[in-house]
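Q: From just these sequences and the hints, can you work out the full model?
Chain residues, written in single-letter form:
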Amino acid sequence: MKTRGEHLLLVIIAVVVLAFVLAPLFLMFATAFKADENQILRDFGNANAFWVWPSEMSLENFRQVLGNDTFPVLRYMANSVLIVVSIVVLGILVNSLAAYALARLVFPGRNILVIAVIALIIVPMESLAVPLLLMMNQVGWVDTYQAQIVPFIAHPFSIFLFYQFFAVLPKDLDEAAYVDGASRLQTYWKIVMPLSLPTIATVAILQSLEYWNAFLWPLMVTRGSDVRPISLALAQFFGTPPPIWGDVMAFSVLMSLPILVIYIAFQRWFIQSAIGSGVKG
Amino acid sequence: MAGLALKDVRKQYGKVEVIKGIDLDVADGEFVVFVGPSGCGKSTLLRMIAGLEEISSGTLSIGGRVVNDLSPKERGIAMVFQSYALYPHKTVYDNMAFGLQLAKAPTSEIDAKVKRAAGILHMEHLLDRKPSQLSGGQRQRVAIGRAIVRNPEVFLFDEPLSNLDAALRVTMRAELSKLHRDLGATMIYVTHDQVEAMTLADKIVVLEAGVVQQAGTPLQLYHNPQNRFVAGFIGSPKMNFIPVEIAEAGSGGVTVASADLARTLIPVAPDAAVAGAKAVLGIRPEHVTGGDRPVTFKGRVELVERLGHQTVVEVATAGGATVTALLDGTTLVRPGETLTLGFDPADAHLFGESGRAMERFHLPEIARMTRRTAA
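Chains as they are written, first to last, in the working numbering: chain A, 1 to 281; chain B, 282 to 656.
Please note that the accuracy of each hint is not assured.
What the hints assert, rightly or not - Below, a list of computed lysine-lysine pairs in the DSS-like style, where the Cα atoms sit at most 30 Å apart: (1) B/LYS385 with A/LYS190; (2) A/LYS171 with B/LYS411; (3) B/LYS396 with B/LYS385; (4) B/LYS396 with A/LYS171; (5) A/LYS171 with B/LYS288; (6) A/LYS190 with B/LYS394.
To be verified - Restraint-style ranges between C-beta atoms, simulated for each label pair: (7) A/MET220 with B/GLY417: 55 to 65 Å; (8) B/ALA490 with A/TRP189: 36 to 46 Å; (9) A/PRO24 with B/HIS406: 55 to 65 Å; (10) B/ALA384 with A/VAL261: 33 to 43 Å; (11) A/PRO170 with B/ALA543: 53 to 63 Å; (12) A/LEU105 with B/THR480: 32 to 42 Å.
What the hints assert, rightly or not - Partner residues aside, some chain A positions facing chain B, computed with beta carbon under 10 Å: (13) PRO170; (14) ASP172; (15) LEU173; (16) ASP174; (17) GLU175; (18) ALA176; (19) TYR178; (20) VAL179; (21) ASP180; (22) ALA182; (23) SER183; (24) ILE191; (25) PRO194.
Bear in mind the hints are in silico, worked out from the structure with no lab data behind them.
Predicted model, so just to flag it, every value in this text is computed and none were measured.
Don't be surprised by glycine CBs; every beta carbon is placed ideally from N, CA and C.
A: What follows is the structure in structure tokens.
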């Protein structure tokens, strides 16, 4: 049993940690909805920075950001959506098929391949960026969508997540499907994939987050607004003086919203899968 | 429906041979049960018939057609798994319909077949449920229904009742037996439970270490086991084995003796038995009774288990053998007492040094019949 003092201490620590996590979010949302730039600068010096009174709320900043002719926010947003959706959809197919093969097919070198895939998880993107850029140059993909999509479809961590799930999925189900007349591909598509929804959700969220926020690679392979994602646009917008805080925060909110929506849509399965994989170890 | 023929069927994993040349004929409509201890290869053999394991050598024919290289769906089989293997995301209806949907059967035909199978198994009210909403017995029924819908030539069951509780197992056993009668289908059933084997089978195939030890009707195996393994495996409690020495072998039988037994004539064909050779006398616990029988011996009571209608008594003889007897439920006996037991030599079995049984002269008429004529 904890004493009252210990309990109180724990609560205080929790509140402080929570404040550090949530404060930037509150600051972003509050500032984005404040129309008066002077008011924003004044509020930055006190606690009002984290709050907006309903009477002060305005969508002016959003109007300005979206109406900015030199900065096609919606175009950037559409680019990001196209890139992320392509990576996620193709990635789920390719990575789950790879994992299914590793979990179910017996072939020489299978275990080495599994170890290699797991080892690849720890190789940072930054270390691969330069060789990858040289490759993109060679094939003439610089400043294209495919340069931002194709290299990221195969994703070792997603393969690993699917592999973990398939390894504990009873083989009897596959065999029952074979006896029912299903081919291996039909078994994968009609039996295994529908049962993998929690893992699919986890992979979708993790990959969306990773590539929605991608910065270094798009910076290296894109030039103009045609194919640039919103993450780069935000940095560019922020770096254009003078900074108008209301607009910057409105931009930030616009960039955060899609990913929040995806998380809320999939969070039930995501949590289920995260807990499940923890328990199964 | 169709029969099955296995000719010198073998299975190797690398250098290890787990199925060592099996020859077996299964008649059309026959209910065949594979029994044997864990690791004897019975499930592997079933999976080879199903097409889930490759056949290393030999031929497997179903309905006169060699199916070695055919996929499971092309073999005309349906299988019920030990784990049921129902698709968790599909309703009972879709679980049963899946095979027909894959075969692109017309919806009306699928509907009719699923409803007919559901009717046979009395589960029309479960069709909209998911497997997670069903009890163990209901899941079992769905698994069987899924097999029926495919209208297979051969049904394969892999220990289908082992996950059910004892009471439900008895009920499902009876239902399976009835299903076999109603459908008249060829069925192959794997179990390690000899009660299931004895009650369900037209023919029992006893396997050990990938070899068929004996195949025959349940009562043939019970009354006329061909070797010590089958004699010990079929029957509960297990057959008693008493080491003896052959004193004399003649056309009237083989006379044996041991530290516990006086010279006793066992009515079996002597084969190559010669005086002085070692042998093993087998006698079932249910044939060991009180001391009023032709052959008697004494022993110290080690264990008494009272089942109500029967008493299981374990006796240690002076010669070092342990003999189990099934006595009447009202027998007064206590551990530590000395008990005189006896048996009729006509009930005894005699096994040579190699473990092969010598042919018994007196076999009950029922042991010569096939199951269906006996039933």
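Q: For every hint, state whether the structure bears it out.
A: Against the structure, the hints come out as follows:
1. B/LYS385 with A/LYS190: holds, 14 Å
2. A/LYS171 with B/LYS411: holds, 20 Å
3. B/LYS396 with B/LYS385: holds, 18 Å
4. B/LYS396 with A/LYS171: holds, 28 Å
5. A/LYS171 with B/LYS288: holds, 29 Å
6. A/LYS190 with B/LYS394: This hinted pair holds, its Cα atoms lying about 21 Å apart.
7. A/MET220 with B/GLY417: 55 to 65 Å: Holds - the Cβ-Cβ distance for A/MET220 and B/GLY417, about 59 Å, lies within 55 to 65 Å.
8. B/ALA490 with A/TRP189: 36 to 46 Å: Once the Cβ atoms are compared, 41 Å apart, the range 36 to 46 Å for A/TRP189 and B/ALA490 holds.
9. A/PRO24 with B/HIS406: 55 to 65 Å: holds, 56 Å
10. B/ALA384 with A/VAL261: 33 to 43 Å: Hint holds: Cβ distance 41 Å, inside 33 to 43 Å.
11. A/PRO170 with B/ALA543: 53 to 63 Å: holds, 59 Å
12. A/LEU105 with B/THR480: 32 to 42 Å: holds, 41 Å
13. PRO170: holds, 6 Å
14. ASP172: holds, 4 Å
15. LEU173: holds, 5 Å
16. ASP174: holds, 9 Å
17. GLU175: holds, 5 Å
18. ALA176: holds, 4 Å
19. TYR178: Hint on A/TYR178: holds, closest Cβ of chain B at ~5 Å, below 10 Å.
20. VAL179: holds, 5 Å
21. ASP180: holds, 4 Å
22. ALA182: Hint holds; A/ALA182 Cβ to chain B Cβ min 6 Å, cut 10 Å.
23. SER183: holds, 9 Å
24. ILE191: It holds, given that the least Cβ distance between A/ILE191 and chain B is near 6 Å, below 10 Å.
25. PRO194: holds, 5 Å
Comparing the model with each numbered hint stated earlier shows that all of them hold.
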